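Asks: This is what each chain is made of:
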Amino acid sequence: MPRLVSIVVRPASGALRMAGSLGARSVDRFTGELARSGIVEWMVERLLEAQVAERVVDRVLISPEAERLVTGTLERPELERLLAEALESPAVDRLVRRSLESAGLSQAIRSVLESELMRATTEQLLDSEEMRRVLERVANSPEVRNAVAAQSAGLADEVAEQVRVRAAAGDDAAERLARRLLRRRRAVPETGGRP
Amino acid sequence: MSGYAGVVTRTVALAIDALVLNLGIAVATTIVGLALSVFGSRLTDLDTPAVVAALGSWAAIATAYFAGFWTLTGQTPGMRALRLQVTCADGERLHLPRALCRVAGMILAALPLMAGYALILWDARRQGLHDKLAGTVVRYVPRPAISGAADSSGASGGSRPALRA
Chain A
1 MPRLVSIVVR
11 PASGALRMAG
21 SLGARSVDRF
31 TGELARSGIV
41 EWMVERLLEA
51 QVAERVVDRV
61 LISPEAERLV
71 TGTLERPELE
81 RLLAEALESP
91 AVDRLVRRSL
101 ESAGLSQAIR
111 SVLESELMRA
121 TTEQLLDSEE
131 MRRVLERVAN
141 SPEVRNAVAA
151 QSAGLADEVA
161 EQVRVRAAAG
171 DDAAERLARR
181 LLRRRRAVPE
191 TGGRP
Chain B
1 MSGYAGVVTR
11 TVALAIDALV
21 LNLGIAVATT
31 IVGLALSVFG
41 SRLTDLDTPA
51 VVAALGSWAA
61 IATAYFAGFW
71 TLTGQTPGMR
81 ALRLQVTCAD
91 GERLHLPRAL
101 CRVAGMILAA
111 LPLMAGYALI
121 LWDARRQGLH
131 DKLAGTVVRY
141 VPRPAISGAA
151 DSSGASGGSR
161 PALRA
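Chains as they are written, first to last, in our numbering: chain A, 1 to 195; chain B, 1 to 165.
Hints are computed from structural coordinates only; laboratory data are not their basis.
Bear in mind the structure is a predicted one, so any value in this text is a computation, not a measurement.
The beta carbon of each residue, even a glycine, is placed where N, CA and C say it ideally should be.
One or more hints might be untrue.
[As the list claims (entries may be wrong)] Footprint (simulated), chain B over chain A, 3 or more residues, beta carbon under 8 Å:
(1) 70-78
(2) 145-153
[As the list claims (entries may be wrong)] Beyond 12 Å from chain B on every Cβ pair, some chain A residues (computed):
(3) T31
(4) A50
(5) A84
(6) S89
(7) R110
(8) L117
(9) V159
(10) D172
[Said to hold, decoys possible] Some, not all, of what chain B presents toward chain A, calculated at C-beta under 8 Å:
(11) V8
(12) T9
(13) R42
(14) A60
(15) I61
(16) P77
(17) A81
(18) L82
(19) L119
(20) L121
(21) W122
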């Protein structure tokens, strides 16, 4: 810990001294001097050598404050609003559309679909017990059975209706022919009418 | 246009019934033949009384088929497929004696080279000899109403017979 303090404090005090010597003449000049002096590079190098950054990150990540910070941030309505606005913005729509239309994405999807992994996964899925159960469930479902039955009944009905219509037309044609042969007038039916 | 079924429709219905009937008898005969083969008998080795008995059985089954369906529903399967119904001339459902009489009439109508059926072509109510003998008519059955619409055949006197429950 004392080493850490010395790493941070020494360059900072040097920078402050330099800033003090420069006074308030110009912030630009100060930053220029700071960059030229190499203090920043020196500080970064020392911090990296001492693996300070890793330790700091570790400590921050395991601290309950970090968790509270993340949770609090995620639960804030502003974040939700920001996300909603971002998702609804035309820019996101454009971005998504451009991504979908890009040749790179098509190529990537094609590569995945043609890959050995995909083939093996599909094979495994088709051979799986779960898939067999799903197919069995779907095939035995009342909806599928009703649909198949309705289709079969529909075809049978259609054929039967056509036979009825043609047979009824045949009835009249046969009668006309018979009457023409015997030169008899059509008899008027007492009751009834074709449905 | 008549509400009574004509010769073509009735012939198609009869053909369907003949198919159903003979298919059923063929299956039954096959089963009997297989059963007999277990005991060493063959259907081709039948003597005259056995053949007469088989023909008699066929006639009895056919009579039962037609008379049964006409009595119970007024429709054989073939007539149902063609949407036909046989009733008494007054619209009542057939009873067994009348149905049996109609079956006998069908045989009689067929004997003079089907001339008994040719009557259907000229008769006002499209009755064949068997219909005249039994006092029956065969009508087209209207398609079942979907939206409660009135019977479309009303102008010519209505076609659906009023059957007893």
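Asks: Hint by hint, say whether it matches the structure.
Replies: Hints, verified against the model:
{"no.": "1", "hint": "70-78", "verdict": "violated (count 0)"}
{"no.": "2", "hint": "145-153", "verdict": "violated (count 0)"}
{"no.": "3", "hint": "T31", "verdict": "88 Å, holds"}
{"no.": "4", "hint": "A50", "verdict": "88 Å, holds"}
{"no.": "5", "hint": "A84", "verdict": "49 Å, holds"}
{"no.": "6", "hint": "S89", "verdict": "52 Å, holds"}
{"no.": "7", "hint": "R110", "verdict": "52 Å, holds"}
{"no.": "8", "hint": "L117", "verdict": "55 Å, holds"}
{"no.": "9", "hint": "V159", "verdict": "10 Å, violated"}
{"no.": "10", "hint": "D172", "verdict": "7 Å, violated"}
{"no.": "11", "hint": "V8", "verdict": "3 Å, holds"}
{"no.": "12", "hint": "T9", "verdict": "4 Å, holds"}
{"no.": "13", "hint": "R42", "verdict": "39 Å, violated"}
{"no.": "14", "hint": "A60", "verdict": "30 Å, violated"}
{"no.": "15", "hint": "I61", "verdict": "25 Å, violated"}
{"no.": "16", "hint": "P77", "verdict": "12 Å, violated"}
{"no.": "17", "hint": "A81", "verdict": "6 Å, holds"}
{"no.": "18", "hint": "L82", "verdict": "6 Å, holds"}
{"no.": "19", "hint": "L119", "verdict": "10 Å, violated"}
{"no.": "20", "hint": "L121", "verdict": "4 Å, holds"}
{"no.": "21", "hint": "W122", "verdict": "6 Å, holds"}
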